[in-house]
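Novice: In case you want the letters, here they are:
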Amino acid sequence: MIEQLPAIQLLLTLLAAPICSMLRNGDQSWRLATIVSWASVAIAGALLHQVWGGGNDISYHMGGWPPPWGIEVVVDELTAIVLLLVTLFGALVMTALRESLSTIMRHQRQSLYYTSFLLCMASLIGITLTGDAFNVFVFLEISSLATYTLIARGRDRRALTAAFRYLIMGTIGATFILIAIGFMYMLTGTLNMADLAERLPEHRDSRVLHASFAFFTVGIALKIALFPLHYWLPNAYTYAPKATTAFLAATATKVSLYVMIRFVFDVYGVEFSFQQMQLGTLLVPLSLAGILIASLTAIFQSDAKRLLAWSSVAQLGYMSLGVGLLNLNGLTASITHMFNHAMMKAGLFLALATMIYRVQSSQLTSLAGIGRTMPLTTGAFTVLGIGLIGVPFTAGFISKWYLITGALDKGWLPVAVLLIISSLMAIVYIGKMIDVMYFKPAPEEFSNVREAPMSMLIPCWIFALLTLYFGLDTRITAGLAGRVAANLLGAS
Amino acid sequence: MTSLNPAVIFLLAGLFTPFAAVDVRRYITLAAPLIGLALLLLANHGDHGQIEIFNLQLVTYRLDKLAFVWALIFHIAAFIGALYAFHLKDATQQTAALFYQGAAIGAVLAGDLLTLFVWWEITAIASVFLIWARKTDRAYRAGMRYLIIQIGSGVILLTGLLLYNKDNGSLAFNHLGLESVATWLIFIAFGIKCAFPLLHNWLQDAYPEATVTGTVILSAFTTKLAVYALARGYAGTEILIWIGATMTAFPIFFAVIENDLRRVLSYSLNNQLGFMVVGVGIGSEMALNGTAAHAFSHILYKALLFMAMGAVLYRVKTIKASELGGLYKSMPWTTVFCIIGSLSISAFPLFSGFISKSMILTAAAVEHHTIVWLILLLASAGVMDHSGIKIPFFAFFAHDSGKRCEEAPRHMLWAMGIAAFMCIAIGVYPQALYQILPYPVDYAPYTTTHVITQLQLLLFSALAFVFLFKTGLYPPEVKSVNLDTDWTYRSGAVAIMKPINTLTSRLTQSAFGGLHAMWLVSIAALDRVVGPKAWLSRSLDSTGMVAATMGLLFLFLLLYLF
Chain B
1 MIEQLPAIQL LLTLLAAPIC SMLRNGDQSW RLATIVSWAS VAIAGALLHQ VWGGGNDISY
61 HMGGWPPPWG IEVVVDELTA IVLLLVTLFG ALVMTALRES LSTIMRHQRQ SLYYTSFLLC
121 MASLIGITLT GDAFNVFVFL EISSLATYTL IARGRDRRAL TAAFRYLIMG TIGATFILIA
181 IGFMYMLTGT LNMADLAERL PEHRDSRVLH ASFAFFTVGI ALKIALFPLH YWLPNAYTYA
241 PKATTAFLAA TATKVSLYVM IRFVFDVYGV EFSFQQMQLG TLLVPLSLAG ILIASLTAIF
301 QSDAKRLLAW SSVAQLGYMS LGVGLLNLNG LTASITHMFN HAMMKAGLFL ALATMIYRVQ
361 SSQLTSLAGI GRTMPLTTGA FTVLGIGLIG VPFTAGFISK WYLITGALDK GWLPVAVLLI
421 ISSLMAIVYI GKMIDVMYFK PAPEEFSNVR EAPMSMLIPC WIFALLTLYF GLDTRITAGL
481 AGRVAANLLG AS
Chain R
1 MTSLNPAVIF LLAGLFTPFA AVDVRRYITL AAPLIGLALL LLANHGDHGQ IEIFNLQLVT
61 YRLDKLAFVW ALIFHIAAFI GALYAFHLKD ATQQTAALFY QGAAIGAVLA GDLLTLFVWW
121 EITAIASVFL IWARKTDRAY RAGMRYLIIQ IGSGVILLTG LLLYNKDNGS LAFNHLGLES
181 VATWLIFIAF GIKCAFPLLH NWLQDAYPEA TVTGTVILSA FTTKLAVYAL ARGYAGTEIL
241 IWIGATMTAF PIFFAVIEND LRRVLSYSLN NQLGFMVVGV GIGSEMALNG TAAHAFSHIL
301 YKALLFMAMG AVLYRVKTIK ASELGGLYKS MPWTTVFCII GSLSISAFPL FSGFISKSMI
361 LTAAAVEHHT IVWLILLLAS AGVMDHSGIK IPFFAFFAHD SGKRCEEAPR HMLWAMGIAA
421 FMCIAIGVYP QALYQILPYP VDYAPYTTTH VITQLQLLLF SALAFVFLFK TGLYPPEVKS
481 VNLDTDWTYR SGAVAIMKPI NTLTSRLTQS AFGGLHAMWL VSIAALDRVV GPKAWLSRSL
541 DSTGMVAATM GLLFLFLLLY LF
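Chains as they are written, first to last, in our numbering: chain B, 1 to 492; chain R, 1 to 562.
Everything labelled a hint here was simulated from the structure, so no lab data went into it. You may find that some hints are simply not true.
[To be verified] The calculated DSSO-like cross-link candidates involving lysine-lysine, where the alpha carbons are at most 30 Å apart (straight line), are:
{"hint": "1", "chain 1": "R", "residue 1": "Lys135", "chain 2": "B", "residue 2": "Lys440"}
{"hint": "2", "chain 1": "R", "residue 1": "Lys329", "chain 2": "R", "residue 2": "Lys403"}
{"hint": "3", "chain 1": "R", "residue 1": "Lys320", "chain 2": "R", "residue 2": "Lys403"}
{"hint": "4", "chain 1": "R", "residue 1": "Lys317", "chain 2": "B", "residue 2": "Lys440"}
{"hint": "5", "chain 1": "R", "residue 1": "Lys317", "chain 2": "R", "residue 2": "Lys135"}
{"hint": "6", "chain 1": "B", "residue 1": "Lys410", "chain 2": "R", "residue 2": "Lys320"}
{"hint": "7", "chain 1": "B", "residue 1": "Lys440", "chain 2": "R", "residue 2": "Lys166"}
{"hint": "8", "chain 1": "R", "residue 1": "Lys317", "chain 2": "R", "residue 2": "Lys403"}
{"hint": "9", "chain 1": "B", "residue 1": "Lys432", "chain 2": "R", "residue 2": "Lys329"}
{"hint": "10", "chain 1": "R", "residue 1": "Lys317", "chain 2": "B", "residue 2": "Lys432"}
[Unchecked claim] Just a sample of chain R residues kept apart from chain B, beta carbon distances all over 12 Å, derived:
{"hint": "11", "residue": "Leu4"}
{"hint": "12", "residue": "Val22"}
{"hint": "13", "residue": "Leu42"}
{"hint": "14", "residue": "Phe86"}
{"hint": "15", "residue": "Trp132"}
{"hint": "16", "residue": "Asn165"}
{"hint": "17", "residue": "Thr246"}
{"hint": "18", "residue": "Val316"}
{"hint": "19", "residue": "Arg404"}
{"hint": "20", "residue": "Ile418"}
{"hint": "21", "residue": "Pro445"}
{"hint": "22", "residue": "His450"}
{"hint": "23", "residue": "Ala462"}
{"hint": "24", "residue": "Ser542"}
{"hint": "25", "residue": "Gly544"}
{"hint": "26", "residue": "Gly551"}
Positions of the beta carbon are idealized from the N, C-alpha and C atoms, including for glycine.
Construct the complete structure from the given sequences, taking the supplied hints into account.
Specialist: Here's what the structure looks like:
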């Protein structure tokens with residue numbers, strides 16, 4: 001049983017999805033989906049426990065076919081932490097989803113929604129687990145398709161255009177990645193990642209490989225919303241149904257970042273990617289531009305969801321910057337922030353969704369004074385916001401600390417200064433929301449809004465408490481990330 | 001148990017107060033400083049509360065002789081402040097005060113820069129609520145400016161400590177010195193909080209706008225915390241002597257012409273800080289002792305003066321010198337206490353200011369800083385004029401304003417009484433204070449020369465005040481000249497200072513007006529670029545996004561293939 005865990009992790013959600021669609025009752029399918037997602041959390045925890053400490057990676061051969069012929073599933077520490085991220089935050093959002101969904105969707109439709117949700121989760125798990133390059137593409141497509149339906153379910157008509165644009169951009173991104181994988185297959189005749197990593201160095205001067213790398217970086221840059229390819233993100237996040245945004249913000253872009261790290265460091269190899277192809281020189285300026293421009297844009301937004309979406313673009317910039325720094329602290333920051341940001345942003349979007357559940361609008365003006373009518377939700381929001389700014393003893397501080405140290409290790413003082421400036425911008429945009437929520441008088445029609453139901457409040461506070469917890473205990477985040485980073489860099 | 005950080009008591013009390021009943025809340029604010037004080041006195045000197053966070057060794061509670069002086073006076077000030085604010089029903093102010101006081105104590109007891117930074121930011125955030133609690137629009141704006149500057153100081157501190165950690169691999173908060181970019185940044189962060197010249201405006205801007213009780217509490221902690229940080233990190237840094245000397249001198253001019261008596265006190269606060277900064281800059285054992293002693297006595301008499309002015313504001317509802325006068329009939333006790341505070345700040349023999357300030361002056365003389373010594377002497381005369389005479393004279397005597405009111409509430413009188421008693425007690429029996437100073441004290445304040453010099457200085461500046469007032473040159477409304485011992489310059493100086501004053505005020509007005517206009521224009525410009533409807537944040541349609549993608553692909557292909 002234990003050795004079958006990687007396969008169970010994937011199949012559990014994948015098989016639960018069609019069952020969910022067959023249940024015509026929304027509540028029943030919610031129950032099934034919730035149980036399945038919490039079971040996945042347990043499996044992810046067990047996998048993390050097995051590989052903890054490094055050096056005991058799991059390699060599982062699908063159907064008993066040994067690699068490179070069969071499909072291999074590889075679990076190392078990085079895989080395990082991403083699995084935990086996807087399942088845990090997915091499950092928390094799923095738990096809060098029922099209340100939120102019941103107001104915007106007819107009962108029968110709900111089960112289809114849970115189906116897409118589960119499919120999306122399954123495909124993200126698949127991307128993370130697989131050791132086969134072509135499989136990555138397949139699961140990327142599944143996740144994109146599921147995400148389109150999730151976004152398009154938004155009540156706002158603009159959700160349709162947002163989903164359509166995301167469809168186009170997502171398809172282009174996936175196609176580019178497919179082209180990149182195709183080129184690699186052309187050169188080596190293999191699709192297994194470990195096998196590719198062994199065979200690619202002998203083709204390092206081949207034009208085909210260079211083109212493959214270009215297609216891959218642009219394709220994945222689209223997926224992680226690297227500036228200037230981020231335009232699909234704010235709209236998609238803003239118009240998606242409220243709780244969906246929490247799930248997407250936490251997982252989709254993070255898993256893409258994981259794919260990027262896997263390919264750039266393991267498949268193409270550090271030396272090829274960064275010395276021959278100079279990925280760093282492209283990644284660092286684009287990330288910095290993204291961080292600053294997106295933070296600045298966030299400050300000027302009048303819609304809370306859109307504000308947080310822009311902040312996501314900026315925060316993703318932190319992660320790609322950490323990769324671009326190519327040193328131990330930078331990469332540690334990247335992986336740590338992947339986890340921490342997923343947690344904080346999912347929490348923020350969820351708390352926001354909880355407020356929107358009551359006031360039915362995400363405009364900042366309608367959230368005025370909500371600190372008095374919904375004190376518990378706003379309290380959770382404030383804690384998470386403080387975490388996002390990066391105040392000490394919250395999770396956000398840990399990742400920023402490593403990132404700035406990474407920049408200083410490189411001797412790039414201006415970059416460190418820019419990071420501090422972007423933190424100040426974060427103070428402004430989070431401060432702006434908190435100021436509105438606590439200090440502005442509530443509009444007439446919302447003056448007797450009630451506190452949110454427990455089923456939404458508890459997940460919000462779990463996110464908030466986790467933010468505080470991971471600000472103090474960094475063994476699972478920075479400790480693991482440090483080992484993984486040393487491993488990735490040492491593999492060169 | 002005795003290694004429990006007293007700051008924790010304040011934080012716990014602060015967390016509890018918002019949920020307690022009104023009567024309970026008052027006693028909590030009184031009890032927290034007492035429990036904290038007990039913990040402080042019982043604790044052994046040394047490092048406590050060591051924790052390790054991601055490979056950083058933090059010492060959250062370090063008690064040594066230097067920290068002890070500050071921690072002690074902070075507890076006393078917290079108690080007096082709580083007693084003075086006993087009438088309050090406002091939970092916000094009580095909670096904010098507890099957090100603020102606790103954070104200041106925690107910062108003084110911090111053994112590393114990261115812990116210091118955390119408390120540093122909490123003092124900033126908690127204290128602003130004491131300003132906002134006045135609930136006027138002016139207070140809101142002043143509080144916002146104050147908050148931005150204080151948070152800015154914290155961010156600079158954070159940058160500095162990150163760099164410092166990288167350079168030295170340690171965050172221990174000991175002597176830093178101006179050796180690298182990192183320590184310069186930390187120095188500037190401390191300097192902002194210490195209201196260095198040109199970085200000082202937040203103080204006079206914000207303190208007079210706070211509530212009656214808020215100003216009393218604010219005046220004790222923030223700046224003295226900064227002095228402590230300087231004494232710990234930058235003792236003996238030459239530049240501080242000159243910064244300090246400037247700080248003692250320039251606020252006098254503003255204090256003399258200012259009409260709002262609490263703002264006068266804010267300027268004089270700045271001037272008193274100057275003495276301490278000079279002491280830190282000299283850095284000899286006697287100078288550091290003087291700094292610690294002066295911080296101790298300064299907190300007491302400054303709080304006393306702010307309490308007296310607060311009581312006037314509380315009863316009369318105004319604190320404009322031009323609208324006050326003749327209040328000694330209505331508020332006799334307050335008058336007496338205010339005069340004791342004035343005598344202390346002016347450093348009359350037998351009052352607390354005398355025994356601490358003279359240490360710094362002597363230290364300057366011993367180290368042969370003659371010019372600095374002269375500036376300090378001149379500044380002492382100025383203090384006598386604006387805080388020693390102007391404050392009690394215009395509030396309680398001068399021409400009778402006809403205002404009649406009740407005496408201050410009893411708990412306020414008690415708070416003032418305790419502070420006044422301590423001012424005199426320290427002045428009469430300085431050994432009590434000298435015993436707890438960081439270094440052994442070999443200094444006798446009451447020598448004939450000291451006493452005579454000081455009395456001469458004080459009496460001559462009193463004479464100057466009387467002369468100017470009688471000849472009609474010293475009405476509060478008219479912008480006038482500073483008075484120093486060398487009063488023969490005064491008639492010429494009036495003629496010179498008046499146009500200079502007008503000119504500077506015009507210049508600052510136009511400069512700040514210009515800055516404000518520029519700010520508005522740049523905000524509008526930014527709004528056009530990144531605002532909700534601007535091109536950068538507008539969503540591109542699919543064509544645009546695809547074009548961007550293709551562009552980037554071509555760029556990458558070009559780079560990689562050629």
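Novice: If a hint holds in the structure, say so; if it does not, say that too.
Specialist: Hint by hint, here is what the structure shows:
| no. | hint | verdict |
| --- | --- | --- |
| 1 | Lys135/R / Lys440/B | 13 Å, holds |
| 2 | Lys329/R / Lys403/R | 10 Å, holds |
| 3 | Lys320/R / Lys403/R | 13 Å, holds |
| 4 | Lys317/R / Lys440/B | 28 Å, holds |
| 5 | Lys317/R / Lys135/R | 15 Å, holds |
| 6 | Lys410/B / Lys320/R | 57 Å, violated |
| 7 | Lys440/B / Lys166/R | 42 Å, violated |
| 8 | Lys317/R / Lys403/R | 11 Å, holds |
| 9 | Lys432/B / Lys329/R | 50 Å, violated |
| 10 | Lys317/R / Lys432/B | 34 Å, violated |
| 11 | Leu4 | 19 Å, holds |
| 12 | Val22 | 20 Å, holds |
| 13 | Leu42 | 27 Å, holds |
| 14 | Phe86 | 27 Å, holds |
| 15 | Trp132 | 9 Å, violated |
| 16 | Asn165 | 8 Å, violated |
| 17 | Thr246 | 29 Å, holds |
| 18 | Val316 | 30 Å, holds |
| 19 | Arg404 | 39 Å, holds |
| 20 | Ile418 | 36 Å, holds |
| 21 | Pro445 | 43 Å, holds |
| 22 | His450 | 47 Å, holds |
| 23 | Ala462 | 48 Å, holds |
| 24 | Ser542 | 5 Å, violated |
| 25 | Gly544 | 7 Å, violated |
| 26 | Gly551 | 8 Å, violated |
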